[in-house]
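Chains A and B, in that order, give the protein sequences. Residues in the first sequence are numbered from 1 upward in steps of one, following this note's numbering. Residues in the second sequence are numbered from 1001 upward in steps of one, following this note's numbering.
Worth flagging that the hints you see were computed from the coordinates, not collected in a lab. Careful: at least some of the hints might be erroneous.
[What the hints assert, rightly or not] Where chain A lies over chain B, by a calculated footprint (3+ residues, C-beta under 8 Å):
1) 1370-1377
2) 1573-1584
[Said to hold, decoys possible] Pulled a few chain A residues facing chain B out of the computed Cβ check, cut under 8 Å:
3) Leu-36
4) Phe-39
5) Leu-89
6) Phe-90
7) Leu-91
8) Pro-93
9) Ala-423
10) Leu-425
11) His-456
12) Phe-485
13) Val-488
14) Ser-521
[As the list claims (entries may be wrong)] Below, in silico cross-link-like pairs of lysine to any residue (SDA-like), each with a Cα-Cα straight-line distance of 25 Å or less:
15) Lys-1467/B with Lys-442/A
16) Lys-1219/B with Gln-1529/B
17) Lys-442/A with Glu-1150/B
Think of the CB as a built atom: it goes at the ideal place given N, C-alpha and C, for glycine as much as any other residue.
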Amino acid sequence: MNTELFGVVATFLLTILLAIPLGKYISKLYKGEHTLLDFMAPFERFIFKVSRIDPLIQMNWKQHLAALLSINMLWFVYAFIMLLTQGSLFLNPDGNPSMSPDLSFNTAISFMVNCNLQHYSGETGLTYLTQLGVITFLQFVSAATGIAALIVVFNAMKAKATEGLGNFFDIFLKSITRILLPISLVIAAILVFNGTPASFDGKDTITTLQGDTVQISRGPAAGMIAIKHLGTNGGGWFGANSAHPLENPNYLTNMVEMIAQVLIPIALIFALGFYLNRRKLSYVIFGVMTFGMLTFLIPTVLAETNGNPAIAHMGIDQSLGSMEGKEVRFGSTASAYWSIVTTIISTGSVNSMHDSSMPVSGAMQLLGMMTNAFYGGCGVGILNYYIFIIIAVFISGLMVGRTPEFLGRKIEAREMKIATMIALLHPFLILVGTAISSYVYKNDPSVGWLNNPGYHGFSEMLYEYTSSAANNGSGFEGLGDNNWFWNVTTGFVLILGRFLPIIGPLAIAGILANKKIIPESTGTLRTDTGTFGIMTYAVIMIIAALAFFPALVLGPLAEYFTLYNH
Amino acid sequence: MSTSKNKSLFQKDLVAGALKQAFIKLNPKLMIKNPVMFCVEIGTCVMLIVCISVLFHNDGTQGSLAYNVCVFLILFLTLLFANFAEAIAEARGKAQAESLRKTREETPAKKVSEIGKIYSDEITLVVSSELKKGDMFFCEAGDIIPTDGEIIQGLATIDESAITGESAPVIREAGGDKSSVTGGTKVLSDRITVRVTAEPGESFLDKMIALVEGASRQKTPNEIALTILLAGFTIVFIIVCVTLKPFADYANTPITIAALLSLFVCLIPTTIGGLLSAIGIAGMDRALRANVITKSGKAVETAGDIDVLLLDKTGTITIGNRKATHFYPANGINEAHFIKSAVLSSMADQTPEGKSIVELAAIDISNITINKPTHIKFTAETRSSGIDFADVRIRKGSTDAIKKISEAAGHIFPEEILERVKIISSNGGTPLVVSENEKVIGVVELQDIIKPGISERFERLRKMGIKTVMVTGDNPLTAKFIAEKAGVDDFIAEAKPEDKMNYIKKEQAEGRLVAMMGDGTNDAPALAQADVGVAMNSGTQAAKEAGNMVDLDNDPTKLIEIVEIGKQLLITRGTLTTFSIANDVAKYFAIVPALFITSIPALQGLNIMKLHSPESAILSAVIFNAIIIPLLIPLALRGVEYKPIGASALLRRNLLLYGFGGVIVPFIGIKLIDLAVGLFF
């Protein structure tokens, strides 16, 4: 095995090795068992006392949703105002300006929904105050929102679930104090020791070997970079994200950041097994998701390591793979792995330029976001997968001649209605968005978004909406997206793409929890088998991926065939 | 069931009628009930407009007229095929119902008026349709019973073969559980007065026939959920096709309306959409073919979900009644004498038990002559029967009853008989103790005969995940023995009607679905409580009203067939949905390259089927999409076979057959069609 591939395999195995105990810990935490971090309890009690919340009050699914949506609304208003006025506030050593209203709108939403689509560059677009008080803050709470929503669904999946599905604020706060904060600290420490800045000083000026003076932005970045990965947020401190030498200094930090972003999504799968005492179910889910990842990863690694035939044609050596847009310190394989991980997991941080990826890789990155259920974002990944489970359970339940049931509860018309609507949402947002932008551009190319019209320009627009709908946040950065049209349209796609896929599963789980449990018999379709896993995989690929086939043909596939047919 | 009912799927007269119906069903008001096919209808109308506009003004942007007309015709055929599927299913149901209805044609009825024109209980001759609920009529040997009713007076043997196909006549009498008669059956002997229980055209059978014919069929919950999912798929593909237009414009690739509509129609799940209602109707029709009439489609579906099945022992698990199998004389009693006494006591006993004693003894009773015998009939009080002649008093009855008699006379109940009684009980038999002049002379062993093949049927049920429960009036010891021997999972011994009810309620409280069969009026509450209640046609009106199915054959094991029909119904829907959706993979690969290949020649690489030309590719895909519907009609009507091999194994099997098969088949089919279509386009 070559070293580059070995690095990727080692990274993935390390992730699993860490995710299993973390999953066990998360399960213990929400079961209310003793854990290492119980010393946080007084701090949590203090917060509840100050905010006058009784964390013992049980909430039903509707109350959970009300709590979730209302605090999110509050954060949005707060973030919007802060970004709009940051230029005249403190902690702004570089004197960066305030954001325009449409950019503030887009940025506030983007970070609230855990997407981190950035239509600005961190060095010049934000101040240290907003980097910490808005961006980093939202990176914590948005990840915690996703985890909390998932734990509520876990509670509803319990065999003896009732109306009361835990207390939202309690679950939410614990996911910050007991999971995100402690692990972020560890990651930040590793980053700092490897050269990531953690300082409130403004730009530094250095003289290069050629004698030029260069100004280098810095700031209290390490902590933010830790949570950006751990919370599957992805928004970088610097514009170049994790391709920037200060944001991701070396191969070790690259491994740490890759592990950090997959850690919680995988740990939550195992947590499901421990929490509900259905380990086999969690293994099947993990298996399907991993297989899904490999479906996208293998073609990407092959495409990237084989190099670009057009460049090879010019007589340039491609033995290192296609290196355009990639960092030499990471190499093509690790960059390929990152590009898939970051797209299936809705992180959206990048260590290479996705716009420069090979066409096949671009298609795979897009598919990663279009399916959005292989591991997926913090908490929400499993929620997306849950919808596909419901559909798979329904179809396969019929196929074995029994009214479909999941974990002992019947799936009926009402649940199917919700599941179908959520499954519809993703293609709707992405295709309609891209259709509108294609139409606008076609009728008035002077809007000037596209530097490369043609197939690649189409891919850029498709990517932007896909990334928004999947709350991913990465981009084919060739697109000129900081303008009124993109800020507003993606803003709405972001909100819909975030909250409906949280409301849907929560509602289904809540409704199911109130249904009578049907005891298992040999006629019951088990959902923790390989066969059912294959069924779920097929449902995801056919429903989520197939709808995008024509769009992919006009974008990356047209590019691919054009590139390789010459 | 008679083989004549298993006629071929497509009978000439049915097909002709169904074809006509296929056109009638094009009415948009009817089509809108099926969202998938309604979309196809809209698409077909649009194609018609395109064809007309191309005919008068062909600027070449929409392709040739012939090509457009072909697409229009194929879409139109798709619609007709789907309608035909539904129509043929309905026609088969109707034909089936018709044969039932034939028995219910106008028959003369002897109406009884309590206060007549001239005298009371006057009899007037009317036609059956004039009989109203509450009216009374009179039938005697040779009469056809004009309508459903309940016997209020008399007893008669009735030939019910017109309905059940069973030639042996049955006895119906006033009072009790066998008082109901069905219109169309024939009185063979005696005379009865019957009260009409249904308005004309609203009898139980009439209502059910209407259901089978599809007239008043309502969608079942599963069908509704599936329709929602299919509507969802349809909307996804509406989005896909509508947005494709601006995408193509951006890429400077003009797409013809015909191509876009073809893509749309191919992608939406027309296969399952077109066959969905046919599957539902066929399910009820299959139940009817098994001689079971269901009150709703939902009942058939629920039958597929049953977890617990309650069966009466007698007649279901065991053959009718107990039979004598052994004579055990008491110590010091001559065996021949004991046997003779036992036979004497049973001479006048017309119960099956009594007859079986005579049979077992192999003594010709006509050779026996006794002077002035007095036959003592069985009463619930004495719990014994027997014979008195000269100075001999022979009694036979339950252990307790005879013990009482013998002990009252000062005799001691023999130890070895007591021992034998216990052995017989624990072996599932019933002991019948015989006494002569109050002295116990022996015991006759009666045994239940378990129906041949019944334990295999229970095994099959167990593999389906259904728990079987035997209900019996026997004591727990006997019940346990029979339960084990027959292979049922549980039993209710010494069952009173409320025990059944409680058992059902208990199982339901634990979330299980319960099915039961019953015939008596005292079964009615339990039949109503059960999720699937099957009443015997021979049962009382109350039982029939309470249940949600009626078995015309009065065959208690019919439930097993009903369960399988219910499962088949769901499986057929599930597999065809999977097949329909899996087909999309190949259709994408046929149509999408064809859409763009002229402007982006490099996409030839995506044409993995190597289809002849864009036009032939699109036509082949729509043709495949259309003809797969009639090809699958037989499967939809017969139902996909259910195998009790466990849910996971069944899923694996069906996923491989219909999922993987659904991906592969259209690749082959479209390629083959393209070879032919390629000659023209």
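Do the hints match the structure? See the list:
Restraint check on the segment 1370-1377 of chain B versus chain A: 0 residues with Cβ-Cβ distances below 8 Å, three needed, restraint violated. Taking a C-beta to C-beta cut-off of 8 Å, the segment 1573-1584 of chain B contributes 8 residues in contact with chain A, enough for the three needed, and the coverage statement holds. With 8 Å as the threshold, the beta carbon of Leu-36/A stays out of range of chain B, its nearest partner Cβ sitting at about 39 Å, so the hint is violated. Annotation: interface hint on Phe-39/A violated; nearest CB of chain B at approximately 43 Å, more than 8 Å.
A cut of 8 Å between beta carbons decides the hint on Leu-89/A: the least distance to chain B is about 42 Å, and the hint is violated. Hint on Phe-90/A is violated. Least Cβ distance to chain B is approximately 46 Å, over the 8 Å limit. Here the hint on Leu-91/A is broken, as its CB sits about 44 Å from the closest CB of chain B, past 8 Å. Interface restraint check for Pro-93/A: the shortest CB-CB distance to chain B comes to about 44 Å, outside 8 Å, so the restraint is violated.
Hint on Ala-423/A holds. Least Cβ distance to chain B is approximately 7 Å, under the 8 Å limit. Taking 8 Å as the C-beta contact cut-off toward chain B, the hint placing Leu-425/A at the interface is violated, the least distance being around 10 Å. Interface hint at His-456/A: violated, since its Cβ lies 11 Å from the closest Cβ of chain B, which is beyond the 8 Å cut-off. Taking 8 Å as the C-beta contact cut-off toward chain B, the hint placing Phe-485/A at the interface is violated, the least distance being around 15 Å.
Evaluation of the Val-488/A hint against chain B yields a violated restraint, the C-beta minimum of about 19 Å exceeding 8 Å. The restraint placing Ser-521/A at the interface with chain B holds, with a minimum CB-CB distance near 3 Å, inside the 8 Å limit. Between Lys-1467/B and Lys-442/A the CA atoms are separated by roughly 66 Å; this puts the pair beyond 25 Å, and the hint is violated. Taking the CA atoms of Lys-1219/B and Gln-1529/B, the gap is near 23 Å; set against the 25 Å cutoff, the hint holds.
Proximity of Lys-442/A to Glu-1150/B is assessed by CA-CA distance (about 79 Å); at most 25 Å being required, the pair is judged violated.
Comparing the model with each earlier hint shows violations of hints 1, 3, 4, 5, 6, 7, 8, 10, 11, 12, 13, 15, 17; every other hint is respected.
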